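**Q** Sequence:
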Amino acid sequence: MSTNRTPEEYYPKDSFERFGDDLCQLILSYLSFKECFQFECLSKQWQRLVFKNVDSLILSDKQLLKLPVRFRRLLSSVVRKCANITSIDIEINSEATERVFKVFMNSYKNLNVIHVRGDEDLDLLKVFVNHYKYELKSIDIDFDDCDTEQVVDGMIELSDLNALTKLTLRMNCAKMNVIGEPLGGMKLLGDDCKHITRLCLKFFDSIHTQLPHIQSLHIRNNLVMSPGIENCANMSTNRTQEEYYPKDSLDRFGDDLCGLLLSYLSFEDCFRFECLSKQWQRLVFKNVDTIILSEKQLMLLPIRSLRLLSLVVRKCTNITSIDIEIYSETTERIAAVIVISGEKVYKHYIH
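All residue numbers for the sequence shown refer to UniProt numbering, where the first residue is 1 and numbers rise by one.
Some hints could be false.
[Said to hold, decoys possible] Calculated lysine-lysine pairs in the DSS-like style (CA-CA distance at most 27 Å, straight line):
id, residue 1, residue 2
1, Lys52, Lys34
2, Lys133, Lys102
3, Lys133, Lys109
4, Lys102, Lys126
5, Lys102, Lys44
6, Lys133, Lys166
7, Lys137, Lys166
[Unchecked claim] FRET-style restraints, in silico, Cβ to Cβ:
id, residue 1, residue 2, range
8, Tyr134, Glu35, 37 to 43 Å
9, Gln38, Asp142, 18 to 24 Å
10, Asp256, Asp142, 38 to 44 Å
11, Ser29, Lys81, 17 to 23 Å
12, Val103, Asp160, 27 to 33 Å
13, Gln25, Ile58, 29 to 35 Å
14, Leu31, Val113, 23 to 29 Å
15, Val113, Asp269, 53 to 59 Å
16, Lys278, Asn112, 45 to 51 Å
17, Lys81, Ala163, 28 to 34 Å
18, Glu40, Ser107, 16 to 22 Å
19, Glu149, Gln47, 46 to 52 Å
20, Leu42, Asp142, 40 to 46 Å
21, Lys102, Phe33, 20 to 26 Å
Hints are computed from structural coordinates only; laboratory data are not their basis. Bear in mind that the values here come from a model prediction, so they are computed numbers and not experimental data. Cβ coordinates follow ideal geometry from the N, Cα and C atoms, glycine included.
All chains, full assembly: derive it from the sequences and hints.
**A** Here's what the structure looks like:
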């Protein structure tokens, strides 16, 4: 029987072409990013897997300066081949790294994370905003050692990000004597960035005068306190003292747990253990909304319980339904006690 078979491919023993993707991928996992590209010509599998597995690029100005000129010219080609890049981390301190960052922005459309560090460069921020103004939803900006004008200009640029929903600003600026002026730039953000649902602003001066309603301030940084922050730190505050309970006290548990415990107990047991905790006392009376009493049940109750019935009725203010059998003077008196005690509580009386 004749069959159509694909002719087998034969490779020399010293050729990487005879190995599959699994082995090539294992070898690649032991090599650096530079070595992977350096041996790209070894096999077809190698070429394909090198570009497939790269999903993150980290580049600093120091690293870029070490690269030969020829490689820098071929960077755009390398970037186009690595189609699965979703994260970029770049330090921009020169024109060379600025050009590389622009190549990244123009080459990748599916970036999830972008980390950019460098000197203040408003022109580069404009390029970034114009490129991602309709797509970027979250951004963190650090203003480090900037003056008031630079911060305000930066906020004006950020106001063009139409899709922005989360903005974090960190200001560590010794040149900014007051925070009121840069906060004026927030009006533009509020007017132009309609989709913002969360704003985080961190700054280190004039909090006590510009935001006197602040009740809690937590700064996580290594810095020398400015006079404003130091005054805030030395201010006397009225703090609510925490309550401490013994380990064997039910007062240290919340309403949810007490409510769960009560759900497993009978009506009589709930009142019997009323003294266990404050939550218990409150929830016992809150959860009772129905009273059902029969002649047989009333006859079993001791006289002391009958005398306390009016007190129980007054405590259970959420009672909306009463079901009682009246066949004797005892049950008639009980019914009268319930009516008198609960006449201001119950809207419905069922008998």
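**Q** Look at each hint and say if it fits the structure.
**A** Against the structure, the hints:
1. Lys52 with Lys34: Given that 27 Å is the threshold and the Cα spacing comes to 15 Å, the pair holds.
2. Lys133 with Lys102: Distance ~15 Å between Lys133 and Lys102 Cα, so the pair holds.
3. Lys133 with Lys109: holds (13 Å)
4. Lys102 with Lys126: Measuring from Cα to Cα gives roughly 12 Å; hence the hint holds.
5. Lys102 with Lys44: Not satisfied, since the Cα-Cα distance of roughly 30 Å exceeds 27 Å.
6. Lys133 with Lys166: Cα-Cα ~14 Å, so holds.
7. Lys137 with Lys166: holds (6 Å)
8. Tyr134 with Glu35: 37 to 43 Å: holds (39 Å)
9. Gln38 with Asp142: 18 to 24 Å: violated (36 Å)
10. Asp256 with Asp142: 38 to 44 Å: With Cβ atoms ~42 Å apart, the hint holds.
11. Ser29 with Lys81: 17 to 23 Å: holds (19 Å)
12. Val103 with Asp160: 27 to 33 Å: violated (22 Å)
13. Gln25 with Ile58: 29 to 35 Å: violated (21 Å)
14. Leu31 with Val113: 23 to 29 Å: holds (24 Å)
15. Val113 with Asp269: 53 to 59 Å: holds (58 Å)
16. Lys278 with Asn112: 45 to 51 Å: For Lys278 and Asn112 the Cβ distance comes to about 50 Å; the hint holds.
17. Lys81 with Ala163: 28 to 34 Å: holds (29 Å)
18. Glu40 with Ser107: 16 to 22 Å: holds (19 Å)
19. Glu149 with Gln47: 46 to 52 Å: At roughly 51 Å between Cβ atoms, Gln47 and Glu149 fall inside 46 to 52 Å, so the hint holds.
20. Leu42 with Asp142: 40 to 46 Å: 43 Å Cβ-Cβ, so the 40 to 46 Å window holds.
21. Lys102 with Phe33: 20 to 26 Å: holds (21 Å)
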